[in-house]
Amino acid sequence: MDTLRVLIVDDEDDFRETVVKRLNARKIQSEGAASGIKALEVLKEKDFDVIVLDVKMPDMDGIETLRHIKKMKPEIEVIMLTGHASVEFGLKGMQLGAFDYVMKPAPLNELLDTIGQAYNKKRGLLH
Amino acid sequence: MERNYRKLWWQHCLAIICFSVIPLLFVNVSLYTLFDRIYTQKVTETLRSAAENRRDAIDLFFNERIAQLFTVANTNTFQELTDENYLNKVFEIMHAKSNSYMDIGVIDSEGRHVSYVGPYYDLLKQVNYKNEPWFSAVRANGIYISDIFMGYRKVPHFIIAVMVREKSTSWILRVTINLKNIDDIVHKAWIGKLSDAFIVNNKNALQTRPRFGGDFLEIPSFPEFALDSLTPQAYPDFSSTVTTKVERVTHHGIDAFFAAILIQNTKWILVIKESPDEILSPLVKGRYWMALLSALGLVIIATGAALFTNTLINRIKETDLENATNSDMLLQANKMIALSKMAAGIAHEVNNPLASIAEKAGWMKDLLAEEDIAGSKNFAEFNDSVDKIEQHVDRARKIIHNLLGFARRMEPAKEKINVNNLLDETTGFLENEARYVNIHIEKQYADNVPVITSDLSQIQQVVLNLLNNAIDAIGHDGTVTVSTRYNEKAEEVEINVADTGPGIAESELNKIFDPFFTTKEVGKGTGLGLSISYSIIEKLGGKIKVQSKVGTGTVFTLLLPKH
Numbered sequence: 001m002d003t004l005r006v007l008i009v010d011d012e013d014d015f016r017e018t019v020v021k022r023l024n025a026r027k028i029q030s031e032g033a034a035s036g037i038k039a040l041e042v043l044k045e046k047d048f049d050v051i052v053l054d055v056k057m058p059d060m061d062g063i064e065t066l067r068h069i070k071k072m073k074p075e076i077e078v079i080m081l082t083g084h085a086s087v088e089f090g091l092k093g094m095q096l097g098a099f100d101y102v103m104k105p106a107p108l109n110e111l112l113d114t115i116g117q118a119y120n121k122k123r124g125l126l127h
Numbered sequence: 001m002e003r004n005y006r007k008l009w010w011q012h013c014l015a016i017i018c019f020s021v022i023p024l025l026f027v028n029v030s031l032y033t034l035f036d037r038i039y040t041q042k043v044t045e046t047l048r049s050a051a052e053n054r055r056d057a058i059d060l061f062f063n064e065r066i067a068q069l070f071t072v073a074n075t076n077t078f079q080e081l082t083d084e085n086y087l088n089k090v091f092e093i094m095h096a097k098s099n100s101y102m103d104i105g106v107i108d109s110e111g112r113h114v115s116y117v118g119p120y121y122d123l124l125k126q127v128n129y130k131n132e133p134w135f136s137a138v139r140a141n142g143i144y145i146s147d148i149f150m151g152y153r154k155v156p157h158f159i160i161a162v163m164v165r166e167k168s169t170s171w172i173l174r175v176t177i178n179l180k181n182i183d184d185i186v187h188k189a190w191i192g193k194l195s196d197a198f199i200v201n202n203k204n205a206l207q208t209r210p211r212f213g214g215d216f217l218e219i220p221s222f223p224e225f226a227l228d229s230l231t232p233q234a235y236p237d238f239s240s241t242v243t244t245k246v247e248r249v250t251h252h253g254i255d256a257f258f259a260a261i262l263i264q265n266t267k268w269i270l271v272i273k274e275s276p277d278e279i280l281s282p283l284v285k286g287r288y289w290m291a292l293l294s295a296l297g298l299v300i301i302a303t304g305a306a307l308f309t310n311t312l313i314n315r316i317k318e319t320d321l322e323n324a325t326n327s328d329m330l331l332q333a334n335k336m337i338a339l340s341k342m343a344a345g346i347a348h349e350v351n352n353p354l355a356s357i358a359e360k361a362g363w364m365k366d367l368l369a370e371e372d373i374a375g376s377k378n379f380a381e382f383n384d385s386v387d388k389i390e391q392h393v394d395r396a397r398k399i400i401h402n403l404l405g406f407a408r409r410m411e412p413a414k415e416k417i418n419v420n421n422l423l424d425e426t427t428g429f430l431e432n433e434a435r436y437v438n439i440h441i442e443k444q445y446a447d448n449v450p451v452i453t454s455d456l457s458q459i460q461q462v463v464l465n466l467l468n469n470a471i472d473a474i475g476h477d478g479t480v481t482v483s484t485r486y487n488e489k490a491e492e493v494e495i496n497v498a499d500t501g502p503g504i505a506e507s508e509l510n511k512i513f514d515p516f517f518t519t520k521e522v523g524k525g526t527g528l529g530l531s532i533s534y535s536i537i538e539k540l541g542g543k544i545k546v547q548s549k550v551g552t553g554t555v556f557t558l559l560l561p562k563h
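Chains A and B, in that order, give the protein sequences.
Quick note on numbering: the first sequence equals residues 1 to 127 in our numbering.
Quick note on numbering: the second sequence equals residues 1 to 563 in our numbering.
Just so you know, these hints were derived from the structure itself, not from any lab.
Computed from a predicted structure; not experimentally measured.
Just to be clear, a hint being listed does not mean it is correct.
[What the hints assert, rightly or not] Straight-line Cα separation of at most 30 Å, DSS-like style, residue types lysine-lysine; simulated pairs: (1) B:545 with B:414; (2) B:365 with A:21; (3) A:38 with B:360; (4) A:56 with B:388; (5) B:341 with A:92; (6) B:398 with A:21; (7) A:27 with A:122; (8) B:416 with A:92; (9) B:398 with A:56; (10) B:341 with A:56; (11) A:27 with B:360; (12) B:414 with A:92; (13) A:21 with B:377; (14) B:489 with A:56; (15) B:398 with B:341; (16) B:360 with A:46; (17) B:545 with A:21; (18) B:365 with A:56; (19) B:42 with B:245; (20) B:414 with A:56; (21) B:398 with A:92.
Just chain B, with the same shape it has in the complex (with noise of 0.2 Å):
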């Protein structure tokens, strides 16, 4: 019968965070995947458009650094660009508008550096370039821009050529570009804090200087070093792009974006790294604030949870106690119509045979009276035994008559009661019990005590449990003493019951009219005697109180209004 009130308080807090808390992480969580799914594509988008403008800018560079040179090479005739101080002076228009060029060579068709204009004259100019790769690619392709590469000057650079046919014979006019002009194009594609921007060739060799580490030649690789390794980790090989490409890369614990066009001109890759924690700076502050308002809502929830079952369960025992006292009340009320309709019958049936016994002992009583026979010698034991079986008799008729007023009680009424006769009757019930144990039940009644109007059998029933109480608390050898007394002010009836038992310890005292409260062994008493002469009492407008020394005993009072 007994609930785990606090299993069912887990349950239940449990269950309505669960319920909650369910649907609020769901929908946080789709919230939060769909905008790193929109944030996400947008980043991507501008990444795309970023790589899409620079390779624009570089391949827009190319073209024009193509269509001058042409212009140049188809402008002037072989013979003339081999005086090198009317090349110089083409160079220098062409150098007036733009810095792009450091120099500037014509070669004939033999590899041969006929004129040159630059500042590596010396080194250059007895070269031939016949058995150089890019020379063959020029006479094959009429154009031709080459790689980052060393060559001759030691130096990285790269060179455009263009092949020039003059009636019998090609010749080829060679510029050197300033590496400045691209990596300025390119760098403007570093917008972040922490984003990178390169070229590869087809090799996959570096040919602008990224912002992180890496030189020209070289293989680009991540600044960073990965968690599971000490050497660095290359990039990503884009150098086969065709398409333009835009990914996310997990690699060795090292996350970026990266993106990759082909530039058109060159052949050439142009790789955009962006950091995630950077771009998708955002999405990670939106990260942050869904776990604190998660945090935040599972918090209120869970003291919700609480605070709602604690007031759940609460009344949940208040109801358990409710109805554990009233099925107790029930059970004790219907106990004792039981009883009392047991009592009734035996009564009625005793009755008859006790009128016959009465009546013929009595007739004994009158023989013996009449009949001469007060001379035998057995005629005072005679007598003696007709007086004992009246006396009985008399005894089994009080007995039956407390049996059947405590019978007719049973039926709730408002009744006239004389206070006194009433706990005559209800201490002779318990008065053999007391005997066996030594006690010894004394009366002091007031004379002046009134009969007052009340339920009879609930007052009884009261009245017993106390003495029952008394004589338990005392255990054996002691004395109940019940009194009574009036309080005309009041209009009240005192009633007390008090024993010389071991007495109540004060910490106890104010519990022992809760439900349940028992301090007899388990299975002996009910802990509810007490609570249910309580509110009975209380139902008469009646008080009960209680005083208690250790050591001295235990009086509990009852006061009955008059009316």
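In isolation and in its complexed conformation, chain A is listed as follows (with noise of 0.2 Å):
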């Protein structure tokens, strides 16, 4: 299983789709989710190597999300996203399993290669 898979979850419909299909076209295969609850919901069905998950949205937060993904599927790599100021939610996701986190808005070129990093980490772990 050589594609790549991603999940973006984020409230921002307009970033999270655009996103989706930047990653599509750089042949990442990818979808969205547009709240933690429904991340979790995909999840059942799917699976994925890396999420990239925001940390601020309402309902469920990007933490608690974190919590019930790496309940569910540990082995995935978790990436947040973090505005400036919410740094610490950042550094809270990486004590709680998160791979990296990245500050929004960020150049794509970043987070493809945060996600590619997260990608291979995952993999060393699986080969």
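These two chains come separately, so use the hints to put the complex back together.
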């Protein structure tokens, strides 16, 4: 299974959809979820290599979602998306097992790099 | 807010002086009044007893004379005494023990001077006294003491006469008293240098010669002239005195104590006059001392009040300054906190749309690369526009980055600070503003500046303040140079903010860190910026220095310890 599968979790529709489109255009199989709850639902059916998770979301925030994800599928690498002022959340996420955090708004290249690293780490673990 | 310290000073000083001086004066005046009353009373008593003493002496003198005369009159017969040789003998016996008498005479019931011994023999021998007022008085009373009168001899004198009844007739023995005797007794009352004593009869005519001015039978008057008159002022009339009187009389500006007492034998009045200046001199001295002590007390109180008030006002000034500085710093801190909260809020809200814009632009770029529209005539325009959108999103991202950085640093902490980065960020805030007025901010950072541990937001505030001042000082067209250096020996990081402004005059250079000192227009500067900066840097263990040359510019230097 060589294709990299990514789930983007962000409540901002335009952002999420565009990122999904751009990743798909780069041959990265990606999907979006508009909230933490939706992400968990999707996760029940599908598998992903990397999840990009926004910290600030209504209903269930990124940290909460991260906990559930790590409980359900601990092998999936999670990258936290944070605003500058919520770096603490990013750090906290990393304590909870997230791979890294990326500050928003970030150029796509930066995100891609981090996704690549996370994917490599996961593969290294699996193989 | 600014107090009127001068007014406060005066109020405080006067209050102290009033509340100290009023009791002082009250005590002094009451003591003096008490002393005055007691002393005056004592003086009055002394005067009264002196008068009584003299009166007794005079009465004694008269009693003795009358007794002697009575004895002579009743132990000798009329017949014997008409013999002038015999009378002379009797007179000599009377005269032997005292020289009180000037002459002696015997007058028969018809007023004839039947015999006489004395210096006025020729003049008086043939005189008939039948019509003299004293003659009838003697006949009525049996004994008579005259007032002073001139008589036939035209010399002031007075007489004592007794009437003797012998069988069917009566005759009179008369002596003239030597005035010196009375004078001697009266003069003993001249105690002080200015005191006087004299006798008046019931018509207020002088019976003895006063010490100062006046003669027999005249009305006694003040020797000194009154303030408002050129004629001598008569003494108060005591001629009708019955009971002893001691009083102080102020009469046309002349002030005197008088004691008046009735002499029983003659119904004359003995008057003793004392000058208040003399007998009250201890009182005058007392008044002088009181005034002196009061003045001294006043001076001490005034000096003490002034010194104390000075200390107090200085302390109030210091406290006011401190309060003003504190409240201004607090205000500044509160402002910064509010500002940072707002900045954080805005940044978060702007972040999401910005991320979306960035992604959309990125997607467009992806599409432009992918689709076969490179041939379109507007391709370059599209490409350029998307680039520009990305570029400006990046710019906005940086601004928000800075804003959030600024906001986050409001929590006071010991942080690790990269000084050069800090300066970059801080100058970033002002670059636009500076560009408008054509001021270039030049950065000359040293590479070996270490990461220091300090309070980032506080240092940022100070640097911001220095930069603001530098820009304000230049006004327009110039350069602000921000440079860093590291002094390895002292482990100190040096930040220099230099401007090309007009510089600060040497006389003002030592005042610029004083609170409220400002060269900016009224309402533009609080005059607190540099003093707050100063206190911040001091608190952080650093130093702030200034160098300036008029016409060249000013350099502020911050020295921050590495740890």
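Against the structure, the hints:
1. Under the criterion of a C-alpha separation no larger than 30 Å, the hint pairing residue 545 (chain B) with residue 414 (chain B) is consistent with the structure, at around 23 Å.
2. Restraint check for residue 365 (chain B) and residue 21 (chain A): the C-alpha separation of about 12 Å stays at or below 30 Å, so the hint holds.
3. Distance check on the hinted pair: residue 38 (chain A) and residue 360 (chain B) sit about 23 Å apart at the alpha-carbon level, within 30 Å; holds.
4. For a cut-off of 30 Å, the pair hint linking residue 56 (chain A) to residue 388 (chain B) stands: about 29 Å separates their Cα positions.
5. A threshold of 30 Å between alpha carbons decides the hint, and for residue 341 (chain B) with residue 92 (chain A) the separation of about 22 Å falls inside it, so the pair holds.
6. Annotation: proposed proximity of residue 398 (chain B) to residue 21 (chain A) holds, straight-line Cα distance about 26 Å (limit 30 Å).
7. Pair hint residue 27 (chain A) plus residue 122 (chain A) holds up; C-alpha atoms about 18 Å apart against a cutoff of 30 Å.
8. Between residue 416 (chain B) and residue 92 (chain A), the direct Cα distance comes to roughly 20 Å. Compliance with the 30 Å bound is thereby established for this hinted pair.
9. For the suggested pair residue 398 (chain B) and residue 56 (chain A), the alpha carbons sit about 21 Å apart, so the restraint of at most 30 Å is met.
10. The suggested pairing of residue 341 (chain B) with residue 56 (chain A) holds, with an alpha-carbon distance near 17 Å, which does not exceed 30 Å.
11. Our distance criterion of 30 Å between C-alpha atoms is met by residue 27 (chain A) and residue 360 (chain B), whose separation comes to about 18 Å.
12. Note on residue 414 (chain B) and residue 92 (chain A): the hinted pairing holds, with a Cα-Cα distance of about 21 Å set against a maximum of 30 Å.
13. Between the alpha carbons of residue 21 (chain A) and residue 377 (chain B) the distance comes to roughly 26 Å, so the proposed pair stays at or under 30 Å and holds.
14. As the CA atoms of residue 489 (chain B) and residue 56 (chain A) are separated by approximately 48 Å, the hinted pair breaks the 30 Å bound.
15. Proposed proximity of residue 398 (chain B) and residue 341 (chain B) is supported: the alpha carbons are some 18 Å apart, at most 30 Å.
16. Distance check on the hinted pair: residue 360 (chain B) and residue 46 (chain A) sit about 27 Å apart at the alpha-carbon level, within 30 Å; holds.
17. Distance restraint check for residue 545 (chain B) and residue 21 (chain A): the Cα-Cα separation of roughly 58 Å exceeds the 30 Å cut-off, and the hinted pair is therefore not satisfied.
18. Note on residue 365 (chain B) and residue 56 (chain A): the hinted pairing holds, with a Cα-Cα distance of about 28 Å set against a maximum of 30 Å.
19. The straight-line distance between the Cα atoms of residue 42 (chain B) and residue 245 (chain B) is roughly 15 Å, inside the 30 Å bound, and the hint therefore holds.
20. Restraint check for residue 414 (chain B) and residue 56 (chain A): satisfied, since their Cα atoms lie roughly 28 Å apart, inside the 30 Å limit.
21. Annotation: proposed proximity of residue 398 (chain B) to residue 92 (chain A) holds, straight-line Cα distance about 24 Å (limit 30 Å).
This entry does not satisfy hints 14 and 17, going by the numbered hints stated previously.
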